Amino acid sequence: DKIVSDLYYYGTTLKVIKAEIDLQQFIRDIVSYTPIPSYIRTEILCDEGLKINSDPIILRRVVSNVVVNAVQAMPEGGRLTIGCKKEGEKIVLMVTDTGKGIPKELQDKIFEPLFTTKAKGMGLGLAVCKRLIEFLGGQITFYSVEGVGTTFTIELPISDAE
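Counting from 2, one number per residue, gives the positions in the sequence shown under this note's numbering.
Among the clues, some could well be false.
Stated by the list, open to error - Under the rule of at most 30 Å between Cα atoms (straight-line distance), these lysine-lysine pairs were calculated in the DSSO-like manner:
{"no.": "1", "residue 1": "LYS105", "residue 2": "LYS52"}
{"no.": "2", "residue 1": "LYS19", "residue 2": "LYS91"}
{"no.": "3", "residue 1": "LYS110", "residue 2": "LYS86"}
As the list claims (entries may be wrong) - Now the in silico label distances, taken between C-beta atoms and shown as ranges:
{"no.": "4", "residue 1": "GLU147", "residue 2": "GLY50", "range": "36 to 44 Å"}
{"no.": "5", "residue 1": "GLU90", "residue 2": "GLU49", "range": "35 to 43 Å"}
{"no.": "6", "residue 1": "LYS19", "residue 2": "PRO104", "range": "36 to 44 Å"}
{"no.": "7", "residue 1": "GLY148", "residue 2": "ALA20", "range": "20 to 28 Å"}
Honestly, the hints are just simulated from the structure, not real lab data.
What you are looking at is a predicted structure, and each value in this text was computed from that prediction instead of being measured.
C-beta atoms are modelled at their ideal positions from N, C-alpha and C, and glycine is treated no differently.
Taking the hints into account, I'd like the entire structure generated from these sequences.
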């Protein structure tokens with residue numbers, strides 16, 4: 002089911018349907034619906050009252066995918082921090098884990114379709130995330146240190162935010 006959905010999102014032009022999103026509540030909802038083991042501490046650091054006019058379905062898909070990846074990167078436990086803030090001309094959402102990090106030799110490949118390090122899945126998740134964020138006029142990047150953790154950063158234009 003997820004594979005079919007990923008293929009759909011990757012291979013089609015989507016219609017963006019924007020609505021006002023309260024980012025703090027939006028992130029709380031994602032965390033509450035994501036299976037996060039009790040041995041992973043979760044922290045939400047979001048500027049109060051921060052809202053964005055964006056497509057909630059597309060944004061939920063991306064943030065959920067990144068959160069699930071972060072949880073999977075911490076099989077022995079750790080800390081998941083999700084933050085959002087207004088920064089200059091953009092809204093910035095960050096998902097940080099204290100997991101195993103992404104090996105340097107793989108970092109150039111993680112947004113490529115069909116690239117995966119997991120036993121399950123087809124390697125479409127992050128490629129789809131990148132494409133969806135670009136549909137919203139933003140970008141997704143990451144910073145990772147092997148053995149320390151990874152931060153994914155989603156930037157969306159301030160022109161869509163209040």
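Evaluated hints:
no.	hint	in the structure
1	LYS105 to LYS52	35 Å, violated
2	LYS19 to LYS91	17 Å, holds
3	LYS110 to LYS86	28 Å, holds
4	GLU147 to GLY50: 36 to 44 Å	37 Å, holds
5	GLU90 to GLU49: 35 to 43 Å	20 Å, violated
6	LYS19 to PRO104: 36 to 44 Å	37 Å, holds
7	GLY148 to ALA20: 20 to 28 Å	40 Å, violated
Consistency note: the structure conflicts with the earlier hints numbered 1, 5, 7.
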